[in-house]
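Chemist: With chain A fixed as given, assemble chain B onto it according to the hints.
One line per chain: the protein sequences are A and B, in this order.
So that you can map any letter, position 75 of the first sequence is 340 in the working numbering, and since no number is skipped, the others follow by simple counting.
So that you can map any letter, position 121 of the second sequence is 156 in the working numbering, and since no number is skipped, the others follow by simple counting.
Source of the hints: derived by calculation from the structure; they are not laboratory data.
Bear in mind the structure is a predicted one, so any value in this text is a computation, not a measurement.
Mixed in with the good hints, there may be bad ones.
[Stated by the list, open to error] What follows is a set of in silico ranges between Cβ atoms, one per label pair, in the way DEER data are often shown:
hint, chain 1, residue 1, chain 2, residue 2, range
1, B, Asp205, A, Arg325, 52 to 60 Å
2, B, Lys503, A, Arg325, 22 to 30 Å
3, B, Ile467, A, Phe336, 21 to 29 Å
4, A, Asn277, B, Gln248, 44 to 52 Å
[Claimed, not checked] Straight-line alpha carbon distances no greater than 20 Å define the calculated SDA-like cross-link-like pairs of lysine to any residue that follow:
hint, chain 1, residue 1, chain 2, residue 2
5, A, Lys341, B, Leu330
6, A, Lys328, B, Asp417
7, B, Lys420, A, His330
8, A, Lys328, B, Leu330
9, A, Lys305, B, Gly493
10, A, Lys328, B, Thr413
Yeah, the Cβ is synthetic: ideal placement off N, Cα and C, and Gly gets one too.
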Amino acid sequence: MATLEFGLDFWNPIVCITAFLVLIAGTYLLRSRGQKKYKKGTAQTQIFLSGEEPPSVEQRHIKAHNIYWGFFQALKGYYDPTIKAHTGIINDYIIWFTAIATATAAILFIVG
Amino acid sequence: MDKLITHSPILIIAIPLLAAFLTPLISRVNEKARDVLVITTLAFVEFLVIILARDIYANGIHIYTLGASSPTLTIPEQYMVPVRIILEVDAMSIFMGIISATVSLAAAVYSLSFMKEETGRDRFYTLLLLMIVGMFGMEFTGDMFNLFVFLEIASISGAALAAFRTRFTDAVEGGFKYIIISSAGALVVLFSVGIFYAQYNLLNIAALAQVIQYTMLDKIALALLVIAFAMKLGGVPLHMWVPDTYAAAPAGITAMLVVSSQACMYALFRVCFTLYGVTLNMATVGWIVIILGMLSMFVGVTMAIPQIDIKRLMSYHAISQSGYMLLGVGVGLAVLGNPEALATYGREAMSGGIFHIINHALYKGLLFLTAGALFYRTGTRDLNKMGGLGHNMKFTSIFFIIGALSISGIPPFNGFASKIMIYESVYRFNPILAVIAMLVSIITLASFTKAFQSAFTGPQLPQYKDVKEAPRSMLIGMGILASIIIFFSLFPGLIVGWIVYPAADALINQAIYISAVMGG
Numbered sequence: 266m267a268t269l270e271f272g273l274d275f276w277n278p279i280v281c282i283t284a285f286l287v288l289i290a291g292t293y294l295l296r297s298r299g300q301k302k303y304k305k306g307t308a309q310t311q312i313f314l315s316g317e318e319p320p321s322v323e324q325r326h327i328k329a330h331n332i333y334w335g336f337f338q339a340l341k342g343y344y345d346p347t348i349k350a351h352t353g354i355i356n357d358y359i360i361w362f363t364a365i366a367t368a369t370a371a372i373l374f375i376v377g
Numbered sequence: 036m037d038k039l040i041t042h043s044p045i046l047i048i049a050i051p052l053l054a055a056f057l058t059p060l061i062s063r064v065n066e067k068a069r070d071v072l073v074i075t076t077l078a079f080v081e082f083l084v085i086i087l088a089r090d091i092y093a094n095g096i097h098i099y100t101l102g103a104s105s106p107t108l109t110i111p112e113q114y115m116v117p118v119r120i121i122l123e124v125d126a127m128s129i130f131m132g133i134i135s136a137t138v139s140l141a142a143a144v145y146s147l148s149f150m151k152e153e154t155g156r157d158r159f160y161t162l163l164l165l166m167i168v169g170m171f172g173m174e175f176t177g178d179m180f181n182l183f184v185f186l187e188i189a190s191i192s193g194a195a196l197a198a199f200r201t202r203f204t205d206a207v208e209g210g211f212k213y214i215i216i217s218s219a220g221a222l223v224v225l226f227s228v229g230i231f232y233a234q235y236n237l238l239n240i241a242a243l244a245q246v247i248q249y250t251m252l253d254k255i256a257l258a259l260l261v262i263a264f265a266m267k268l269g270g271v272p273l274h275m276w277v278p279d280t281y282a283a284a285p286a287g288i289t290a291m292l293v294v295s296s297q298a299c300m301y302a303l304f305r306v307c308f309t310l311y312g313v314t315l316n317m318a319t320v321g322w323i324v325i326i327l328g329m330l331s332m333f334v335g336v337t338m339a340i341p342q343i344d345i346k347r348l349m350s351y352h353a354i355s356q357s358g359y360m361l362l363g364v365g366v367g368l369a370v371l372g373n374p375e376a377l378a379t380y381g382r383e384a385m386s387g388g389i390f391h392i393i394n395h396a397l398y399k400g401l402l403f404l405t406a407g408a409l410f411y412r413t414g415t416r417d418l419n420k421m422g423g424l425g426h427n428m429k430f431t432s433i434f435f436i437i438g439a440l441s442i443s444g445i446p447p448f449n450g451f452a453s454k455i456m457i458y459e460s461v462y463r464f465n466p467i468l469a470v471i472a473m474l475v476s477i478i479t480l481a482s483f484t485k486a487f488q489s490a491f492t493g494p495q496l497p498q499y500k501d502v503k504e505a506p507r508s509m510l511i512g513m514g515i516l517a518s519i520i521i522f523f524s525l526f527p528g529l530i531v532g533w534i535v536y537p538a539a540d541a542l543i544n545q546a547i548y549i550s551a552v553m554g555g
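Just chain A, same shape as in the assembly (with noise of 0.2 Å):
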């Protein structure tokens, strides 16, 4: 019922959740091993900037738009293009539509 058989391969999920629970247990065990003297409600669990105010609770989040900030920069050339395709307008929908029929029309039409 769990295993999953297809083609030279299978799945079992069962086996994974094991190993996950062992993983689980071992990092558990490494953790308990650890430092005790950890005091909550103290200075330990104060935020350090290196002597600085820490910034206030709204701007400690990092937003939306600022994240993969680095990855959008790095593909600009596929983006701007693409961004730019989706227009919104109704009629760019319908102008695809009618392109994209056209073009497989005379795919079935020239290959079979």
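Modeler: Chain B alone, transformed into the frame defined by chain A:
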């Protein structure tokens, strides 16, 4: 019970249709009674779908002829061809029926709270039930003209539901775009039906499949049908309406729009495999479907990452995930004429793609419901304005994690099971396609990491300090889908053996579909 099973194909369509028109009447008497009627109707439909599925897996295709002395009497006496309306439910049709029934039930339960503050809920539930009628009709019908009729029913009610909250301008715009592209698609489908009728005097799919000759006109009809359904399912480059409509619709309706798009994908597969089958050049059409799939996967996921509107982000992922299904089934179509390749990897690729359809309906439905819960509590879809919501919305966070890990193909979730079937089989067809599919999965994980980090993690923001968890009915709706995802994740072998392989075989074996109606 036997009578119930015999009549279940028409009951699955007729009961929600009747309930749709009863809803506004009962609503005038008591709103609670209306809610009970809607949920009871959908629960009963789910029950009917399950008993019909069991019967189909045990006894094969289920035929229902309307107006005949016996539901199985497909061709009247003194006639050579079927002339009545016929519902033909095989393992692929009922597979889609299971998806529609389950997601609709979860979406309706969820909508009880989500739509509580809205006016005109009697019309909302009428439209919701009509949309369900349209989806089931598309999945069960055995003739091309009724496919068009049910496509129209699903499209018109879907557009009205997408635009339901008219106070939001983007909702009206989304609904307008949906009705325009749906009308264009439906007109093209009707034109193709006209081409078939003009040539063969037939509308029944099985009867048409028996005589179709792949003439020049048939090629035109095929191109139009493939592209019309590709646009309705959101395949790139015909996908641009998807984020506009999905993002603006109420969350429960967005989950149902996903299933409605999948019903169009089913129609595409039905046309290619059953209507045309071996008459067409499978390699050419297969590659057209594969290219649509690859474009959808790649453009969908790369357009998802920059989004800051959580529902637009998820909408682009819906496009991307449709690509996996098109890729898997497209590979099966491309090798349909090659029995050795079909047996070695074609059937597995198709099964992976079909398994991904149900997985996608579940986890994408769940993700849209979590996005709706966030909107319900914060009043925004903008990820830039969210943060730290996991502190107060713990259940929603857990449901989001389940959906996000599943869509990203992380083991042991069900998304991984279907994706690995696709990777493994597609690799043997063309390794480059499999590598791109894996890359897309990695980018999907990156995108959902961003969404999770932006909405749920981080310090508790002052404006959301008093935010509460989503209401109970919304949690129940999300819980239904999350529970099924976990079940599918734990027992993929059972699900694939029980419903996925029969569905793939139903598409491959065109002759069985034809003989069920035409005899012989």
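Chemist: Are the hints correct? Go through all of them and say.
Modeler: Do the hints match the structure? See the list:
1. Asp205/B <-> Arg325/A: 52 to 60 Å: violated, 31 Å
2. Lys503/B <-> Arg325/A: 22 to 30 Å: holds, 23 Å
3. Ile467/B <-> Phe336/A: 21 to 29 Å: Check passed, 22 Å falls within 21 to 29 Å.
4. Asn277/A <-> Gln248/B: 44 to 52 Å: holds, 48 Å
5. Lys341/A <-> Leu330/B: holds, 19 Å
6. Lys328/A <-> Asp417/B: Distance of about 10 Å is within 20 Å: holds.
7. Lys420/B <-> His330/A: holds, 10 Å
8. Lys328/A <-> Leu330/B: violated, 29 Å
9. Lys305/A <-> Gly493/B: Measuring from Cα to Cα gives roughly 19 Å; hence the hint holds.
10. Lys328/A <-> Thr413/B: Between Lys328/A and Thr413/B the Cα gap is close to 16 Å, so the pair holds against 20 Å.
Checked against the numbered hints above, the structure violates hints 1, 8; every other hint is satisfied.
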